[in-house]
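These protein sequences, in sequence, are chains A and B.
Each residue of the first sequence is one higher than the one before, counting from 1 in my numbering.
Each residue of the second sequence is one higher than the one before, counting from 1001 in my numbering.
Think of the hints as simulated: they come from the structure by calculation, not from any bench.
Certain hints may be false.
[Unchecked claim] Straight-line alpha carbon distances no greater than 20 Å define the calculated EDC-like cross-link-like pairs of lysine to aspartate or glutamate that follow: (1) B:K1077 to A:E15; (2) A:K77 to A:D39; (3) B:K1077 to B:D1039; (4) A:K77 to A:E22; (5) A:K104 to A:E63; (6) B:K1077 to B:E1030; (7) A:K77 to B:D1014; (8) B:K1077 to B:D1138; (9) B:K1077 to A:D72; (10) A:K77 to A:D28; (11) B:K1104 to B:E1063; (12) B:K1077 to B:E1015; (13) A:K104 to A:D40; (14) A:K77 to B:E1076; (15) A:K77 to B:D1138; (16) A:K104 to A:E76; (17) B:K1077 to A:E76; (18) B:K1077 to B:E1022.
Number of protein chains: 2
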Amino acid sequence: MPRIKPPLPPSTPDEIEQQLYEALQRADIEALMAVWSDDDEIVCVHPGGPRMVGAAAIRASFEALFANGAIDVRPEKVRRLQALNCAVHSVQERVNVPTEQGPKAAWVMATNVYVKSSRGWALAAHHASPGSPREAQDAAEAGSTLH
Amino acid sequence: MPRIKPPLPPSTPDEIEQQLYEALQRADIEALMAVWSDDDEIVCVHPGGPRMVGAAAIRASFEALFANGAIDVRPEKVRRLQALNCAVHSVQERVNVPTEQGPKAAWVMATNVYVKSSRGWALAAHHASPGSPREAQDAAEAGSTLH
Chain A
1 MPRIKPPLPP STPDEIEQQL YEALQRADIE ALMAVWSDDD EIVCVHPGGP
51 RMVGAAAIRA SFEALFANGA IDVRPEKVRR LQALNCAVHS VQERVNVPTE
101 QGPKAAWVMA TNVYVKSSRG WALAAHHASP GSPREAQDAA EAGSTLH
Chain B
1001 MPRIKPPLPP STPDEIEQQL YEALQRADIE ALMAVWSDDD EIVCVHPGGP
1051 RMVGAAAIRA SFEALFANGA IDVRPEKVRR LQALNCAVHS VQERVNVPTE
1101 QGPKAAWVMA TNVYVKSSRG WALAAHHASP GSPREAQDAA EAGSTLH
């Protein structure tokens, strides 16, 4: 009788990405850290900020962000590059920021890199930087896909 | 006699990265475009800029940059995440910018994603954003490796 291996956890890069943004929306640090790869060299760059390498630094940076509350962020206009065991998602993040005049939308450009291991898909890198006004976010794209 | 396949082009992510930065230093648009993957969804984000998706948009963006001359950029403090057929390099780019007072150093944080295909390794994504002063570029790193 052939040995039956346990199934891989059901996951795709899109599912991991959904978990990432839902964790940000709930300020759920455990759910957030759960999407990351086990690799020691995972990297995170916040808008305008330094880079964090490794789980401890990344966790600390999100704990600091969550001290100010949940992050009302929605991924939009996702562009996907799919390779074997690797996926690169370019995301325009719409962040609703509370102001005295009411919530205002700010745009962040993010690159999320997902890698597949025996555990399934996980986040290897998240690089976010301040974006320009929505209309200027994509320059000279051919055949953009609406999401 | 077994059929002998042609060897893969000799390349590693580090070699492709070296070609990338040398092409920037020489303002060599052909050498620059040669490092990119053939995938339609390759993505490039310049510091503070919109995102470019696809070879045509990426090429146009670098041609516009090179119209101002070569870019005196050096990759430093590279952190590498290596997965099967995928590598993520986090790079602190030191850019020497000419000013009236002489050249000044500016820092750019970049994430370069390399994927491996039958062609060998190639650049799939380049996300660059303005960095902070050198000392503040890396926050709370454990066991950083000097490069």
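The hints, checked one at a time:
Proposed proximity of B:K1077 and A:E15 is contradicted: the alpha carbons are some 32 Å apart, above 20 Å. For a cut-off of 20 Å, the pair hint linking A:K77 to A:D39 is broken: about 28 Å separates their Cα positions. Of the pairs offered as hints, the one joining B:K1077 and B:D1039 is violated, with about 28 Å between alpha carbons and a cut-off of 20 Å exceeded. Among the hinted pairs, A:K77 with A:E22 is consistent with the structure: their alpha-carbon atoms are about 17 Å apart, no more than 20 Å.
Simply put, A:K104 and A:E63 have alpha-carbon atoms about 23 Å apart, too far for the 20 Å limit, and the pair is violated. Between B:K1077 and B:E1030 the CA atoms are separated by roughly 27 Å; this puts the pair beyond 20 Å, and the hint is violated. The hinted pair formed by A:K77 and B:D1014 fails the criterion: a straight-line CA distance of about 31 Å is larger than 20 Å. For the proposed pair B:K1077 and B:D1138, the alpha carbon gap of about 9 Å is at most 20 Å, so the pair holds.
Of the supplied pair hints, the one linking B:K1077 and A:D72 is violated, its CA atoms being roughly 33 Å apart against a limit of 20 Å. For the hint linking A:K77 to A:D28, the alpha-carbon distance of about 24 Å lies beyond 20 Å, and the restraint is violated. For the suggested pair B:K1104 and B:E1063, the alpha carbons sit about 23 Å apart, so the restraint of at most 20 Å is broken. For a cut-off of 20 Å, the pair hint linking B:K1077 to B:E1015 stands: about 16 Å separates their Cα positions.
Distance restraint check for A:K104 and A:D40: the Cα-Cα separation of roughly 36 Å exceeds the 20 Å cut-off, and the hinted pair is therefore not satisfied. The suggested pairing of A:K77 with B:E1076 is violated, with an alpha-carbon distance near 32 Å, which exceeds 20 Å. Annotation: proposed proximity of A:K77 to B:D1138 is violated, straight-line Cα distance about 30 Å (limit 20 Å). In summary, the hint linking A:K104 to A:E76 is supported, as the alpha carbons are separated by about 16 Å, within the 20 Å threshold.
Taking the CA atoms of B:K1077 and A:E76, the gap is about 32 Å. The hint is violated against a cut of 20 Å. Of the pairs offered as hints, the one joining B:K1077 and B:E1022 holds, with about 17 Å between alpha carbons and a cut-off of 20 Å not exceeded.
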